[in-house]
Amino acid sequence: MDFSVINDNIEFLMLGLMRSFQLAFFTIILSLIIACFIAIGRVSSRRSIRYPSAIFVNLLRSNPLILIVFWFFFLVPLITGKTLPEFHTVLIAFVVFFAAYFAEIVRSGIQSVGSSQVKAALSTGLTYSQSMRLIVLPQALRNMLPALVTECVIVFQGTTIAYVIGMREFLHSTSLVAERTVRPVELYLFAAFVYLVICFAGTRLALFLEKK
Amino acid sequence: MNYEFDWPLLLEEPNWGWVIEGVANTIQLSLMAWGFALVLGVLIGAIRMSKSRLLRFIGTTYVEIFRNIPLLVQLFLWFFVFPLLLPDDLMRAWNRLDGVPFFTALIGLSLFTAARIAEQIRSGISSIPKGQFLAAYSTGLTEVQTFRHVIIPYAFRVMIPAIASEFLTIFKNSALTLTIGVAEVTGAAKTIEAYTFRGIEAYSAASLTYMLTTASVVIFMGWLEHALRIPGLIGKR
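Chains as they are written, first to last, in numbering that gives the first Met the number 0: chain Y, 0 to 211; chain F, 0 to 236.
Calculated directly from the structure, the hints in this document are not laboratory data. Cβ atoms here follow ideal geometry from the backbone N, Cα and C, with glycine treated the same way. There may be inaccurate statements among the hints.
To be verified - Dumping the calculated DSSO-like pairs for lysine-lysine here, alpha-carbon to alpha-carbon at most 27 Å:
1) K50/F / K129/F
2) K81/Y / K129/F
3) K50/F / K211/Y
4) K118/Y / K50/F
To be verified - Far from chain Y, some chain F residues (derived; all Cβ distances over 10 Å):
5) F4
6) R52
7) I68
8) A154
9) M220
The shape of chain Y in the complex, shown without the other chains:
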């Protein structure tokens, strides 16, 4: 094995890694915002809100991310009438997909707060939205923080799927160098190591938050 091939191509590889980070970052921010609305919709007492949110979440959660990406690559040009840059198309697919997962985390955070808390809040004269905002969500946020961090790690791992449609994220850059230099062993081991270090840091953070 000759790991100097990594060093020779480090700039190209790091460019890919940056692209992976970008995709993960924007996915997390945008899908988390959407997720909060959907989660509140999921625990709403109104059926007209609860059912559509449940359908959205279950529809996406029962499909693999890779299939959702294929769907959006077919649908986005069909709907908009033009081809968006692949980064944008992938981002849209990722945001829609992960919003469903984040929504479930936020929902289970809300539901982890004891029902007596809601009853107590309502009995002091707070409205439903006030008791959600002031009593339930702050406690829910604390409870769901570890799961949120874990999901962020999953989003970062998920960025590898952009490989399939040829976006130059880290795995794709790795495979390009592997093909050109005919050194797949070194390159894929390196990629695995990089992902391992980053995701290990993330899961340790989640564990630390869980213990706190």
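Dock chain F against chain Y, hints included.
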């Protein structure tokens, strides 16, 4: 949006054959991988709670490695790297095998999912408040009795949603194996789309497969979760 639907297209050959083969491969692959992963996962989960420090270390290292490397990267490692690391004659034998993509996918999926299941078991047990243990011990129960009568019944119920979603994850994760050439259902849909430009019909067929499979599991698990819920937490209405 300007799109003419052509649903009967799916029933034409070779499309129908691809769909059927894809569905069969997806189900076969996920069921087999699920079986292996469950056995291995429980085993690793158990050695992570063992008294031996070495066993605990092995269990933890396994989980951290297989959980923190993305599945797609793991599949590539098994597919591109693993055969190259074998001794020459073994490598030739491996390459001569029929269905190398399928075996590779099976190994990759099982080992990846085992780590996740082991982790669910650990976090299920550790989600139990310390007071439960202390209360159980103070009533005079032994460690084994505490686990059997107090902790496991509680942990089991806490773990159901997580384990259920784990069962579903493996069905969906099997879609990734199209990258190493397994003809599973998402790959079949992609092929049909590439040949006919009928993306909506092709992807609908794939989505339907996943949704029908997961819907049945979700409904069953939802019923189970409701039946075993712990009073005092906000449950499903």
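Status of the hints after comparison with the structure:
For the proposed pair K50/F and K129/F, the alpha carbon gap of about 18 Å is at most 27 Å, so the pair holds. Pair hint K81/Y plus K129/F does not hold up; C-alpha atoms about 58 Å apart against a cutoff of 27 Å. A threshold of 27 Å between alpha carbons decides the hint, and for K50/F with K211/Y the separation of about 25 Å falls inside it, so the pair holds. Under the criterion of a C-alpha separation no larger than 27 Å, the hint pairing K118/Y with K50/F is inconsistent with the structure, at around 44 Å.
The claim that F4/F is not at the interface with chain Y holds, since no C-beta of that chain comes within 10 Å of its own (minimum 12 Å). Every CB of chain Y lies more than 10 Å from the CB of R52/F, the least distance being 19 Å, so the non-interface label holds. Against the 10 Å criterion, I68/F falls within the reach of chain Y, whose nearest CB is about 5 Å from its own CB. A154/F, annotated as away from the interface, keeps every beta carbon of chain Y farther than 10 Å; the closest lies near 15 Å.
Listed as a non-interface residue, M220/F keeps its Cβ farther than 10 Å from every Cβ of chain Y; the least gap is roughly 12 Å.
Of the numbered hints given earlier, the model fails hints 2, 4 and 7; all others are met.
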